[in-house]
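Chemist: Given next are the chains, with one letter for each unit.
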Amino acid sequence: MLKISGVTKTFNAGTINEKKALNGIDLHLKPKDFVTIIGGNGAGKSTMLNMIAGVYNCDTGSIVLSNEDITKQPEHKRAKLLGRVFQDPMRGTAADMEIEENLAMAYRRGKVRGLSWGITKEEKALYVEKLKMLDLGLENRMTSKVGLLSGGQRQALTLLMATLQKPQLLLLDEHTAALDPKTAHKVLSITEHIINEQGLTALMVTHNMKDAIRLGNRLIMMHEGRIIYDVEGEEKKNLKVEDLLKKFETVSNGEFANDRMLLA
Amino acid sequence: MNILLAIEGAISQGVLWGLMTLGVYITFKILNFADMTVDGSFALGGAVSAILIVKGMNPWLSLIPAILTGMVAGGITGILHTKIKIPEILAGILTMIALYSINIRIMGQANTSLLGESTVISILNGMIGASTNTLALVIGVIVSIIVIAILYWFFGTEVGSALRATGNNEYMVRALGANTDVMKIIGLMLGNGLVALSGAFVAQSQGYADVGMGQGTIVIGLASIIIGEVVFGNRFNFAYKLAAVVGGSIIYRIIIAVVLQLGMKSTDLKLLTAIIVAFALAMPVVSKKVRYTLCVLLVAFMILVTKQIVPILLIVLALIIVKLISSVICKVFQKDESKQEVKGA
Ligand SMILES: Nc1ncnc2c1ncn2[C@@H]1O[C@H](COP(=O)(O)OP(=O)(O)O)[C@@H](O)[C@H]1O
Ligand SMILES: [Mg+2]
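Chains A and B supply the protein sequences, listed in that same order.
First residue of the first sequence: 12, per the numbering used here; consecutive thereafter.
First residue of the second sequence: 26, per the numbering used here; consecutive thereafter.
Do not rely on the hints blindly, as some may be mistaken.
To be verified - Heads up, simulated EDC-like pairs for lysine to aspartate or glutamate below, C-alpha to C-alpha not over 16 Å straight-line:
| # | chain 1 | residue 1 | chain 2 | residue 2 |
| --- | --- | --- | --- | --- |
| 1 | B | K54 | A | D107 |
| 2 | A | K193 | A | D222 |
| 3 | A | K43 | A | E235 |
| 4 | B | K108 | A | E86 |
| 5 | A | K88 | B | D206 |
Derived by calculation from the structure, the hints in this document are not laboratory data.
The shape of chain B in the complex, shown without the other chains (with noise of 0.2 Å):
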């Protein structure tokens, strides 16, 4: 069935978009930084590694220049900012616009191909023979783990502890002698590193880098954040959230694979993230009533535009299934904070 083909590949479309996630995840949640830079870096990523695999590097030491030059995006972002003060998304949006001209310099044009060249799928298509899909899959499940492993130690140490202490209260971290400048550099140059690693697997796994390929790159990032909280809650521990991260960032990519094959215009698709961010994010600041009234108007606007109307409420009911359980789950394993509470009071 098409559909479910188009499932296997937005499941690993996701994983591979899930590194960006978690790029995105750093900057936005941990260090409440609105950052732009991620569509110029995220093309950053996917050009450098094209064009030194096509320059005849390995397609794994690729990804290695290509975290290296996300990393200097997000330094100067942060320098824009913490130095001269520019506004954060202005920042942003200035080093993504410069890396627009950047990337077509690197590329020598607008895109590059790696039709026929080797890439870390065909590298390890040669030695276990299997689908596209299934060898992107492992790569990123595998690639992941190791990243979210790599995170969980980070912000455990003090350098991470100041870091997430600077996203949560500046002033505190100042006067507690850690330098908040210092530490929003380092959290945009780990974020924006991350962002070109996911563009650089994801120009290998579709077998070319463009300059255009970064486009939305923080709106669907924040899609698949919120899509994880909802779906899976912010509870347990910090691996438990980035890898909730990763989850959103896969079911986004399913949500889209399944209303583009139930006839959704792909030009279309920017809206619909547009409104599931912006619905998303007005979830916590309207009342329970409005809250139902949107979730159905989405409901409503979703079916309207691909013109079926038991898919998408098996979409809605799938959904909701997988809350249920992981709700359940979370319940079981997790100390409630709040009866905590009321034990110390």
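Chain A extracted, bound-state conformation (with noise of 0.2 Å):
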């Protein structure tokens, strides 16, 4: 499904800013497997994310997608395997267009896109079906611009948008985190719930060690650009979170006693 090999990584390379965020990764996804990733601030849980879906280049490694090498394609041009949804709710919408906008953009990901209409009638019907599995009214907004949605509204609507058509991969990148406690949890098991009924496979970056612990078939744990940790299948349902703090402590001897993954 997905391969990734050797892959490493450094920023500003040569300069006193150098920084080393991947250090060798490998990382192999069977179909449908639904990954959390987990890992303390500057881990490279980004980078590895942003790696996949060609924000940046490798500096060493392949990627291979589907069995296709996409170690080298542009970020436009692997989209069509990709979805994506970002920390930041901005990022995943455009504000000042309208919501069937976004979507009927988010519809075409993947194709080649022509001097036909931006939007037809029969997408509309079907994304006001989607937009009613959300549950947030959005189906009766269709032509709201973006920027009067929430943050938690957004990121469902990026969520939908990213699935709209059935990506070979998810990417989720703390897609929760800058949302309230409650709004997340909707958020969050509308991912399951989109996960599930596509049968998607999925990498889930996430700062909350029960919902690692929680969702998905496999946990990874990142530390200083490597994985360190590497769980799947019965063992993973058992782990605590006591577990997963004390396997924090031996890699870097306590550093992360006052990280925010603590608090989580």
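Assembling the complex is the task here: the two chains are given apart, and the hints tell you how they should meet.
Modeler: Quick look at the structure:
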């Protein structure tokens, strides 16, 4: 499904700001794997997702997704394989455009855009159906500007947009971190629903260890640009938050003691 | 009366320059790209059209090469920015500076006179004799309607939607599989094509092309866009917004014509335009109190440089009335977004 081999990434190489963000990542996903990713600030979680999405080029290594080598593909080309939701609710939607226009953009992911009309009648009916599933009342506001929506509504919409065309891989980068707990919970259950319903393969970064254990069939922990822990199946199900904390302490000599992950 | 004649001329000029304003609207507002190329591509359109007319080409046909060369200029700025990663302002300035030399090469000198040559206006004059201003106005209005219709269609298509979204949120557009570099290049080509078309019309209506005719185009465009938004409101559908842009261009020209008639030195015009733009850009970021103070200061400035009180106050009054009328019309016709939100929540 997804095969990442020996990927490294150094930012600002050769300057005083040099930062080794990824230190040799190997990761192999099976179809329908739902993997949660945890790790402290600066561990390289976002960078790993960004490398898969093509925001940055790999220094070394390769990324193969659905038998297609995407290592050197530009971001907009590999977008046909990927659904993405970002931490910042502003990132995933166009604020000055209407809800239905945003959905129409997403509906054309991976397709050639031409000079035919940007949105059709049949599509609108489809979007109403899809929006109803979110249960946020957005189906009655199809022509509202997205900028009028709350952060949670925007994230739910982005999630819908990311999966409107079934992606080979769904990338979720702390997509509930900017939301209040209640909204975060709602968006998370929508996430779960969509992933199960469509049988998606997904990578989800979260700073909430309980969620990381509760959701998905596999969990990986990152630290200083490496994957330092990788569990799945029964073993993962039986994990306790304390186990993860202990794991952190062994790799970081207690420096995580005041990390925000503890508070989650 | 002198001033009425000046206003009549200003209206027809406003419509012809309105095409340029539409071009700036595409790059600055829709694409969110501060494109300095336009100063050069406006003169480029004028130069290309004028020299081709002198060489014997039909004035209407000469508009096509004018548009095409303008598009090339915009495309070059786009490539400098997206492929070579030159910051957008600098990319535009580079093309603009290059165009100065190129425009002189095209014309073989710094200007080309169209005295005694046939122009789109003289052709029409041969058919329905009327004053130059009236004819320019008729042509300008018809062309503007056609251009607005085309833009309305284009920005509703899949590519047009992606282009609008690029100006709004590039990250999203790339994540949804569109090439934002290509979108920017298309937008810059479209914008500069329109600016060059406007330059061609202006050259033909004033009877000459000059290498300096595009100076300050970007600022004039911005001033017109802002005036249009303030007076006609930023609402309704896309076609209304585009028409408001042309309306802004007309009002800008009227203001200029009037203050000139009132005795402002023409060399002070650029200062006034810059002040209007800086002033308008300040409006949304300052408090209400500062806003009113600024308005009073601007009016005081105008009175000071023109040394006329009553006419300036009359202009202010006229603008307020137009604004009130347009907001009443809009209130009647518009379904209010904020009301919609309350309903949905
Ligand atoms: N575009 C960038 N330029 C420079 N440094 C970066 C960039 N993106 C990330 N980094 C650095 O790489 C490291 C990993 O960052 P990131 O992947 O965002 O961590 P995480 O998401 O796990 O918190 C951090 O030290 C961060 O400062
Ligand atoms: Mg991160």
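Chemist: Would you mind marking each hint as holding or not holding in the structure?
Modeler: Against the structure, the hints:
no.: 1; hint: B:K54 x A:D107; result: holds (12 Å)
no.: 2; hint: A:K193 x A:D222; result: holds (14 Å)
no.: 3; hint: A:K43 x A:E235; result: violated (27 Å)
no.: 4; hint: B:K108 x A:E86; result: holds (15 Å)
no.: 5; hint: A:K88 x B:D206; result: holds (13 Å)
Of the numbered hints listed earlier, the single one contradicted by the structure is hint 3.
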